[in-house]
Each structure stands twice: as C-alpha cells, then as structure tokens.
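Got chain L; can you put chain B with the ligands on it based on the hints?
As you go down the protein sequences, you meet chains L and B in turn.
FYI, our numbering numbers position 172 of the first sequence as 172, with every residue one higher than the one before it.
FYI, our numbering numbers position 250 of the second sequence as 250, with every residue one higher than the one before it.
Keep in mind that the hints were calculated from the coordinates and are not lab data.
Errors might be hidden in some of the hints.
Said to hold, decoys possible - Keeping only pairs whose Cα atoms sit at most 25 Å apart, straight-line, the calculated DSS-like set for lysine-lysine is: (1) K422/B / K574/L; (2) K133/B / K583/L; (3) K221/B / K65/B.
Source: prediction; values computed, not measured.
Read off the chains here:
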Amino acid sequence: MTILEALELDTSFEAGTFDVAVVGAGHAGCEAAHAAAKLGLNTILFTLSLDSLANLPCNPSIGGTSKGQLVREIDALGGIMGIMADRCAVQMRMLNRSKGPAVYSPRAQEDRQMYSMEMRYYLENLPNLTLKQAHITELLTDEDGNVAGVMTEGKAVYRARAVVICSGTYMEARIIRGEVITESGPDGLPRSVGLSSSLNSLGVPLLRFKTGTPVRVNSNSVDFSQMTRQDGEDDIPPFSYRNEMEGKLPAPVEEQIPCWSIWTTEETRKVISDNMDRSPLYSGEIKGVGPRYCPSIEDKFMRFKDKTRHQIFVEPMGRHTNEMYLQGFSTSLPEEIQEKMVKSLPGLANAKIQRAAYAIEYDLVDPLSIKASLESKVVPGLFTAGQINGSSGYEEAAAQGIVAGINAAMKLLGKEAVIIDRSQGYIGVLIDDLVTKGTNEPYRMMTSRAEYRLFLRQDNADERLTPIGHEIGLISDDVFEKFEKKVEAIAQETERLKKTYVAPTEELGALLDTCNQTLPKSGESLADLIKRPGVTYDLLAPVDKDRKPLARNIKFACETNIKYEGYLSLEKEKIEKFKNLEKIRIPEDIDYSLIKGLRIEATQKLTKMKPENVGRASRISGVSPADCEVLLVYLEQRRRQNNG
Amino acid sequence: MYSYDDEPICACSTPAGISGIAVIRVSGNGCGKLADKCSVILRSSGDYSRLSEIPGYTCAFGYVKDPSNGEKVDEVIFTRFEAPHSYTGEEMVEISSHGSGAVKQEILKCLGMSGIRMAYPGEFSRRAFINGKMSLASAEAVMDVINSETERQLEAAGSLMSGKLAEEIRSIEQNLYDQAAMLETFTEFDTEDDEAEEAARLETVKDNLSDCHDRLTALCKGYGKGRILSERLRVALLGLPNSGKSTLLNTLTGFDRAIVTEVAGTTRDTIEVQVNINGIPVTLIDTAGIRETDDIIETIGIGKAFEAGRGADMVFYMIPPDMTADEAYSGVQAICEDCDSVTAVFSKSDAGENPDREEIEKKLGTLGISKFISISAEEDLNIDQLEDTIIDYYQELGGGASEGLLITNSRHYSKFAKATKKLSLALDALDNNLGTEVCASALRACLDEIGEVTGKTVSATLADTIFSRFCIGK
Ligand SMILES: Cc1cc2nc3c(=O)[nH]c(=O)nc-3n(C[C@H](O)[C@H](O)[C@H](O)COP(=O)(O)OP(=O)(O)OC[C@H]3O[C@@H](n4cnc5c(N)ncnc54)[C@H](O)[C@@H]3O)c2cc1C
Ligand SMILES: Nc1nc2c(ncn2[C@@H]2O[C@H](COP(=O)(O)OP(=O)(O)OP(=O)(O)O)[C@@H](O)[C@H]2O)c(=O)[nH]1
Ligand SMILES: [Mg+2]
Numbered sequence: 001m002t003i004l005e006a007l008e009l010d011t012s013f014e015a016g017t018f019d020v021a022v023v024g025a026g027h028a029g030c031e032a033a034h035a036a037a038k039l040g041l042n043t044i045l046f047t048l049s050l051d052s053l054a055n056l057p058c059n060p061s062i063g064g065t066s067k068g069q070l071v072r073e074i075d076a077l078g079g080i081m082g083i084m085a086d087r088c089a090v091q092m093r094m095l096n097r098s099k100g101p102a103v104y105s106p107r108a109q110e111d112r113q114m115y116s117m118e119m120r121y122y123l124e125n126l127p128n129l130t131l132k133q134a135h136i137t138e139l140l141t142d143e144d145g146n147v148a149g150v151m152t153e154g155k156a157v158y159r160a161r162a163v164v165i166c167s168g169t170y171m172e173a174r175i176i177r178g179e180v181i182t183e184s185g186p187d188g189l190p191r192s193v194g195l196s197s198s199l200n201s202l203g204v205p206l207l208r209f210k211t212g213t214p215v216r217v218n219s220n221s222v223d224f225s226q227m228t229r230q231d232g233e234d235d236i237p238p239f240s241y242r243n244e245m246e247g248k249l250p251a252p253v254e255e256q257i258p259c260w261s262i263w264t265t266e267e268t269r270k271v272i273s274d275n276m277d278r279s280p281l282y283s284g285e286i287k288g289v290g291p292r293y294c295p296s297i298e299d300k301f302m303r304f305k306d307k308t309r310h311q312i313f314v315e316p317m318g319r320h321t322n323e324m325y326l327q328g329f330s331t332s333l334p335e336e337i338q339e340k341m342v343k344s345l346p347g348l349a350n351a352k353i354q355r356a357a358y359a360i361e362y363d364l365v366d367p368l369s370i371k372a373s374l375e376s377k378v379v380p381g382l383f384t385a386g387q388i389n390g391s392s393g394y395e396e397a398a399a400q401g402i403v404a405g406i407n408a409a410m411k412l413l414g415k416e417a418v419i420i421d422r423s424q425g426y427i428g429v430l431i432d433d434l435v436t437k438g439t440n441e442p443y444r445m446m447t448s449r450a451e452y453r454l455f456l457r458q459d460n461a462d463e464r465l466t467p468i469g470h471e472i473g474l475i476s477d478d479v480f481e482k483f484e485k486k487v488e489a490i491a492q493e494t495e496r497l498k499k500t501y502v503a504p505t506e507e508l509g510a511l512l513d514t515c516n517q518t519l520p521k522s523g524e525s526l527a528d529l530i531k532r533p534g535v536t537y538d539l540l541a542p543v544d545k546d547r548k549p550l551a552r553n554i555k556f557a558c559e560t561n562i563k564y565e566g567y568l569s570l571e572k573e574k575i576e577k578f579k580n581l582e583k584i585r586i587p588e589d590i591d592y593s594l595i596k597g598l599r600i601e602a603t604q605k606l607t608k609m610k611p612e613n614v615g616r617a618s619r620i621s622g623v624s625p626a627d628c629e630v631l632l633v634y635l636e637q638r639r640r641q642n643n644g
Numbered sequence: 001m002y003s004y005d006d007e008p009i010c011a012c013s014t015p016a017g018i019s020g021i022a023v024i025r026v027s028g029n030g031c032g033k034l035a036d037k038c039s040v041i042l043r044s045s046g047d048y049s050r051l052s053e054i055p056g057y058t059c060a061f062g063y064v065k066d067p068s069n070g071e072k073v074d075e076v077i078f079t080r081f082e083a084p085h086s087y088t089g090e091e092m093v094e095i096s097s098h099g100s101g102a103v104k105q106e107i108l109k110c111l112g113m114s115g116i117r118m119a120y121p122g123e124f125s126r127r128a129f130i131n132g133k134m135s136l137a138s139a140e141a142v143m144d145v146i147n148s149e150t151e152r153q154l155e156a157a158g159s160l161m162s163g164k165l166a167e168e169i170r171s172i173e174q175n176l177y178d179q180a181a182m183l184e185t186f187t188e189f190d191t192e193d194d195e196a197e198e199a200a201r202l203e204t205v206k207d208n209l210s211d212c213h214d215r216l217t218a219l220c221k222g223y224g225k226g227r228i229l230s231e232r233l234r235v236a237l238l239g240l241p242n243s244g245k246s247t248l249l250n251t252l253t254g255f256d257r258a259i260v261t262e263v264a265g266t267t268r269d270t271i272e273v274q275v276n277i278n279g280i281p282v283t284l285i286d287t288a289g290i291r292e293t294d295d296i297i298e299t300i301g302i303g304k305a306f307e308a309g310r311g312a313d314m315v316f317y318m319i320p321p322d323m324t325a326d327e328a329y330s331g332v333q334a335i336c337e338d339c340d341s342v343t344a345v346f347s348k349s350d351a352g353e354n355p356d357r358e359e360i361e362k363k364l365g366t367l368g369i370s371k372f373i374s375i376s377a378e379e380d381l382n383i384d385q386l387e388d389t390i391i392d393y394y395q396e397l398g399g400g401a402s403e404g405l406l407i408t409n410s411r412h413y414s415k416f417a418k419a420t421k422k423l424s425l426a427l428d429a430l431d432n433n434l435g436t437e438v439c440a441s442a443l444r445a446c447l448d449e450i451g452e453v454t455g456k457t458v459s460a461t462l463a464d465t466i467f468s469r470f471c472i473g474k
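For reference, chain L alone in the conformation it holds in the complex (with noise of 0.2 Å):
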C-alpha cells in the first residue's frame, strides 16, 4: 500500500515523521532501534507488549557455544547485548574449557524479566529514540515503491526513510500443543496479524518455519537431590568489553544460582513412544520446518533409536520466581502426555508445571531475497533482522539487529554499508550464509560454520570489529583509546616473548618436567618454550624474570597467537584468497543475461540473487569456477569500456 492510499483510508491518521521505524522490540529490534538512534538518527521502536520487550521466549540463557562469539562481537561493534547480559546474569561460565581456546565460550543464566526490565528502561532513557505499544499492519511505500512508513492497526500512519522490520516469531503465529492449535505468538502474547500479506503483496518472498519450547516447573515441587548440581565461574571475563576494561567481573558464585542436570528415563522413553500417534509432527499437523539441531525430545527418540537416554538441564528463569526452564525437553506433544513425560524425568516424580511445552509456526522472509546488508532487494528501504531472516536464537537477532541498524542509518545518511565479512566475525558467517544460500529450518550458529573459526575467538572480537564500530560512530573515542592500548600491550608482549631467550638451568628443566617436555640443550626463546604441548604463559613466570604484570585477556591472546600460529597461519592463507574475490564488487545495475560466456543456470542464479561481490557469486550453489572467471573477464571489459 502507498502512503497515500493509507492516508485516504477511513479513519486514518498522521502520527509522526521518523528517520528509522522498527517494527518488533526482540533481540533484533532492539539493538536495531539503538545503533540507528546513537548514529543520530530520529528512530521509532515499535512492539505488541511493551510488557515484554526483548523477551526471551525459550532458554533463559544467552551465550554458549558460537552464541557467546556472537555477543562478544555485538559488544565489540557497540551493540547493549552484552552490558545488558552481564547486568542480568544470575549464573555465568566460560563452556569448552576442556577444548582449545577458538571455542572457549561465555555462557549466562538470564533473569528473564530483569533482563525485559532493564533493557526497556535503558532505551527509554536513550536519546532519538520513541517507543510505541502498537500493532503494525501494513509497510507503506512511496509511488516508485520505496520504503515510506508503516501503519498501525488502529491506522495510524508513522512516515519514516527506513523500516527495520523484526517481527521474530509472532508474524501469522499458530501455537501447537498436540491436537490443540491456538492462534497466538509466543508466551500468551499477541500474534501478528496482516504484516505478512502486505509484506507479500510488496512482491518479498515468504516462508514458514515453525520451533519449539519445554515446559517450565515450579522449583518448590523438584527434588534437587536427585539432580547433579552445575555452579557457576566467577573469575572469568564478562560479555561485554565495555566491562572487562573496567576489570568487572561477574558476581561472586555464592551470589549465582546453579543449574541442575539429568537424564531421561526408560520410563520418559516408553511414555514417548506409546504416544508418539498424538504428535502433530507426525500426523502431519505442522507443516513448518523444525530446526534440525534443536529437535524436540520425541524427534531425538524417534532419530536416534540407538540413543537411549538424553540429557535435560533444568534452569532457573530469574530471581524473584520459582519457575525453572527444562533444557533439551522441548515438545509439541499434547499437555495430558507433558505430564507422564516429566513426571518419569529424575526429581521430577511431584512436579508442578507452570507453563506448557508448545510448538510455534510462523510466517519468514526467504533470506535469499535480501541483501548482505539486509536491505531487501525487492523493497528499497526495507531491512529485516533476526527470526524474520531465517534465524533463531537471540544472539543471532541481535547480530543482525545491529547490522541492520547500522546500515539503516548508512543509507540515510548516504554513506556505504557496513559489511562483516565471514573472515571478520560470526556475525559475517551467519548474514553471508543466510542471504547467499538461504536455509529451509531456522538457521543457528554453530562454530562449524565458519572457516576460519581459529581467527573468530571470544577472545579478539574487539581486535576484529571495534575498529569498524569506532569508525562509523557507536564506540567512544574513550573506549577506543582503551582499545587500542590493549592491542598494543599484546604486540609488544608477543614480541618480547620471541625475543626473550631462557637460559637451560635446573629451574627451566623442573618447570618443563611437569608437563612431560624436556630440557633444551641450550638457550630457547619464551615463545618456543610456550610452543611446546603443555607449557603455559604462566608456567614460566618464574623463569621470565623482566614479565610484567599484565591483565589475564593480553596474556591469554600472546598465549594463543604464539601457541596456535602454525595453525593461524594456514587459516590466514586461505583468508588472504578469500578477500582477494570479496574485493571485487559487481555494480548493482549489471545484466547478466548480456554476459554471453555465461551457462544458463549462473546467469539465472546470479540474477536472482544479486551478489554485491565475485566472492559471494562464488559461494552461490550452481555457479562454477569457470562462471566466475567470465564474470571477471565482463567486469574488466565494463571497466575499461567506463573509463574510455
């Protein structure tokens, strides 16, 4: 619908001028909402409860495995992910302790509604930014189809140059508990209603996936000793980098609640299977894609035969409730079998459930149709962020979030967007997954997706990204200076460790024996010595006599860089070839079908998906090698033909 259609419409009305309008106040919208507000720009945040902004409708936990990469990377460009997380964390540790230092990854057990709380009260407070409890149905355009505004079901008319639309879950939402559909969003929230069609009508593709949740019990109906306790770390380094310059660290473990764990009983097992004719999976009642590594407990039973048990973790969902969230028990089956089911599960025999297990369907745009910048490439204007992309999870809403934001603000303010690429961060992986092979189930991070997973530690996301956040304007001079100090400090340390030689003394060779190394022959540089299996940087203090004090993260990135360089160095060859393509840009307005060299399926791939790069052509399914020299050969002819 064009702005002036809407504007004709009965009863309809003005209701503000605005630089950036978000629709949806999750993960996504929210980090949206605050980088375009802090590039300055005049920006609308819009939600269906304000009740409940930036909910977390599943696992009340943010970070873990690739998850806790990605909020150190929010953190890094100058996303609030990360603050905000380490505000609210009632248990935090540091996973993959036990594997090398690319997966180390941050983990926090959340208080869901202080988290809700806090987050909407720090964007209340944040200049150039509106927040509006309205319902959003239509996306308005101008007469060429540009992006113009958006309007409420009460028909109020917002204009803005840009819309962040960040619906997460709730667009077209069915709620499936066994035989019972209800037409819902998640947590007895309001759906959305009419976004979609008008989405579609615009000409944006759309798809439907559908994900589940576990059901959540009161703590007082548990018996804990039946359960194997999980503590929380305090000394390890907070989400945000903001903090750890700041030398916070998280609250002592006496003040963190633990979690607990068990696993699933022959009982939990037989109870699934006699049942597993009531599950709408089965019987054909879903017809959204599930997520393949997040299955519902009766998926994993009915995949894995030879798997006869699972692990539930239960965790607590915040401090002023009892309630506790069952990790890894997530299921669509009816609520009359959710009770035996848990019921058979360890310390559970008395449990009283507070929330039922459901599954949830909802209408998504097929990433395909838009671009790394996550402006579409059907609607001029538009940018879309979070589940609405393909994606699930916070972490990954709020990565794209704050792309979107950015880039939102980039092109109102006529400057180029930001684009991570995947040698950069997840945050790259995951956007140059999406939007260059799309996905057919709600798309999680996993640290096997990136290539170069040695570079894209929790570690020196700063080192990879908060240059980019500094340039475009979301971090502080002040932090940046900080920032900058700290990378020095690392080289400087790096090098003296490879120029510092030891001398093979008594005292070296006792320090070597723990760790099964033996004495040298004659004098090693420290940096050799912390090649060796075993040998850490702290290790050798009493040996390195002129060592300085330095804080934990620098000695810990001079440990790995000279630990792993072997390994670093065959990533970073193949990172010198992948930027080599991903320089090559394609002008927007090229006509494949003019490049006669070209097979059938690349000129129709390429046309279809528009790659901004050679690099990403590359990476499209159908393209070949020999697609991708053509394609060069063109651009040099075009370039030649421009210039004279």
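Quick look at chain B with the ligands alone, frame taken from chain L:
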C-alpha cells in the same frame, strides 16, 4: 572452492593428445625462481646455470628434472619472458618438450612440486585480459576460451579418475568427513557422555585419521611407482677406482659380468645388468671409478658415472677400508644432491674394517645419509642386507599397492600431497592436545585440497554429515 589470486600457474598450451611438440606455459611473478627447482640448464647464450637467470626473450637448452630425486624427465627448450612484456603481462616461462601425454603430465607434476599450481580453465587468457594485454574486443573470445577449456577438463576428469582409484579416494574422503563431523560434535556441544567414553571416541578419531594419512601417503607414493613398474628400479654403484664396484655387481648378479682386476681404473664404461631381486625388476649399473684423470676415455666414463647417479633411483657408494672421512665426504657430496637415496657401503670388510668408520658416519650424516652397510663382496657378507635396502625402497614407493590405485594425473598428485601434509598437522594437534577445533581446522584444510579433485565443498557437506549422524542440540 574457487580461489582467485596471482600465484604462479602452469598449463599445457598445445591441444591434448600426441603432437610433435608440446608447449607448457608458466606464468606469475616469481615463477622463474620456482621453476629453478625442477630445471637444469645445459646450454644457453651466456653461461647461465639457472632458468631464472637467463635473460628475458632468450632460449636455453636443458631438461626438466623431478625435484624430489633429480631424475631427468625430458629434454626441453626454455624461453623466458619478463613482466610486463609477456602474453599475460606477468613473468613467464615457456617449456617446449616432446609431445607425448605422459611427458607433459610428468613436467606439470614437477612444476607442481616446485610450487606452481595448475591453472584454472582459461586463466592465462583471463590474466592477459585483466592485465591489459588484450584488447577490449577480445573479451568475448577470452570467455569462449574459458568455456571450451572447462568442457575439455570436465571430459578429461571423468576418464582420469576411474574405477578403483576413485573408489579409494572417495572412501578416504568419506572417512575424513566422518571424523570431521565427530570432531565438530565434540567441539560444538557440551559433552553428553562420560569422560572415558569421550576419550575412547577421540582415540577412534585419531586411529581413523592416521589410517587415512597412511592411505593418502601410499597413493602419493604410487605416483612415483607408476614409472618404476614399467621401467625397472635403477641402482647405480659409484665410488673411487678399485673400491669394489665391479666385484659387487658380479656378486649381486650371480655371474662374472664385469672385469675385476686390482688395477685402479679397470671399468671404463657403464655396464647395465638386469636382475630380479625378490621379484623386483632392477637394473644394476656398474660405473667407472671416479678420480681426477687426464685419460680421455676415462674422463668420459666418469662423466657417464655421474649421469648414472643422477638417473638412478638408488646409489650404492663404495667406501673401501683405506678411505678417509674427508675423501668419503667429498665423494658423497658430489653425488647426493642428485639422488635422494644414497647408501654408504663399507666394502671389503673381510680385509679389515675402515678405522674411520664412526667419523665417516658422522660426516655423511650431515649430508642426510642414514643407511650404512658393511659388506664383503668376495666373502658374500651382508649382501642380503644390501638387497633388503632395495626391497624397502621399492615398497616405500608403493610397490605393495595394487595396480588400479596409481595416480597418473599431476594435478591430483599435487592436491593429495598437500592434503597429506595438512592431515599430519591435524594429527599433531590431537597428539599435543591443542584442542579438537584446532585439529578440525587442519582437517578442513586437508578436505579442501581433496575437494578440489572430488568437487565436494567442505561447509555444505560437513553440516549434513553432522546432522545426519549425530543427535545434537538441546
Ligand atoms: C517457542 C519458541 C521456541 C524457541 N526456541 C528456541 C530455541 O530452541 N533455540 C533458540 O536459539 N531460539 C529459540 N527461540 C527463538 C528466539 O526466541 C528467537 O530467535 C529470538 O527471540 C528472535 O529474536 P527476534 O528479535 O527476531 O524476535 P522476537 O524476540 O520474537 O521479537 C519479536 C518482536 O516483534 C514484535 N512484533 C512482531 N510483529 C509485530 C507487529 N506486527 N507490530 C509490532 N510489533 C511486532 C513483538 O512484539 C516482539 O517485540 C524460540 C522462540 C520461541 C517463541
Ligand atoms: N678382500 C676383498 N677384496 C676385494 C673385495 N671386493 C673387491 N676386492 C678387490 O679389490 C680390487 C678392485 O676390485 P674391483 O671390483 O675391480 O673394483 P672397482 O671399484 O670396480 O674398480 P675400478 O673398475 O677400477 O673402478 C680387486 O683386486 C678385488 O679383488 C672384497 O670384498 N674383499
Ligand atoms: Mg670396476
């Protein structure tokens, strides 16, 4: 994965099939220096000993050698071009060789071993065009070249990787993918099982990776073996005059083929004898003793002796009891650069052990010699040990593998050789407990290389393997 760079590349620029002469083109800045590793200049306008030194736009006569063993592959004419005045606008070398398909493959392999990769279809023309060496009007012609070369390569690939070999490679690849997926689940998800079980599974991964490593190594070795099986293993006997070469030849062959006298300089010309050692076809080469001499015939003979050394798979260097460590050192030094398998043979041990033996072993060790065997040809002492070194060498080359598993394509060879290297890095990471993701990183690099032959791309395949084989997620 498609990559775009300005690394030195090579390709045959004359059509496939047998023609009178083949031209192989090498392009990319620095390509001359790399090609030095696999070229020998015999005659050039100046007195140049290296390909990279001959002036631009001049020719030199010489041969292409296998950089791993110095073996002559084919006599050729080299032409060098300097940037930017060449076809592609980069430094270039053109190699004109005899036209047989096998020779071309062999030359491309040697270039690959020297660090020059195979060009993508049409890459020469594309470089030429992008570097401004071709007119705007030729753009479409360049695109045509790209397409026709791609088609030809696809056709060829089908027949190159056939039957058993394809099966073996796919089976290795599949196994590696399984291990990669297993590593990913370790890396990605909180452990669900107890530690002992996890350690056991990691051990299985390790076993599988080393198994694949062995199989890849065997495949690569098979590339060298293809030639030996058809041509016989060449073993040359070298040493000072009177050191006992001819006597050893006679002992190994079992009859008096060569003349033996106590006169130094008895053997003047090389003598080749075909024998079977444990079923292995071997050509033994007796040579003239190496020394300073004015005798014209002897000088020619000595030249031939060196040549025999260069062309041999193995050299037995004779060290009689009265030879000093310095003499042994300079004697071996003169030949070991051209042959990668030199065995030091202490001859005439019945007449007394060499008193400097320890010193000699130490000195020769610095030249990379590690095999020392003390024999007496007259008394037939330890001759079996000498035969064992021949058998070992043959088996190491892949002589045990069955016929269908021979790699014949130089591109495949270079990819698998790189894959093997990266796989051993992956194994190191596990051995040193550097973390499963570090191992996985090297393993992916390995799969990337294999994928360039099989056409699989890591990221897509890996996710599917993970999801289909393991129950993951919360
Ligand atoms: C049942 C369920 C199970 C889940 N399971 C998992 C899981 O197992 N693993 C996992 O990683 N993630 C899971 N998630 C996903 C996770 O909650 C989301 O990925 C994440 O919250 C998405 O963030 P978002 O910002 O895209 O959208 P949301 O957080 O969903 O926020 C959407 C926002 O848009 C607003 N909105 C929508 N439409 C309109 C409109 N028309 N007008 C105005 N406002 C509108 C809503 O009010 C809300 O503020 C689950 C979610 C649900 C609901
Ligand atoms: N005692 C003893 N004498 C040997 C042995 N091998 C060779 N001789 C003697 O050493 C002398 C030289 O032997 P050849 O085999 O002719 O030596 P060669 O290295 O071929 O010498 P040229 O052909 O002159 O280079 C002869 O007198 C041999 O009898 C051995 O194992 N033991
Ligand atoms: Mg002789």
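Take the C-alpha atoms of K422/B and K574/L, compute the straight-line distance between them, and say whether it is at most 25 Å. holds, 13 Å
Distance restraint between K221/B and K65/B, which requires alpha-carbon spacing of 25 Å or less: OK: K221/B and K65/B at ~17 Å, within 25 Å.
Pairwise hint evaluation, K583/L against K133/B, where the allowed Cα distance is 25 Å at most: Holds: K133/B and K583/L sit about 22 Å apart, inside 25 Å.
Hint check: no violations occur; every hint is consistent with the structure.
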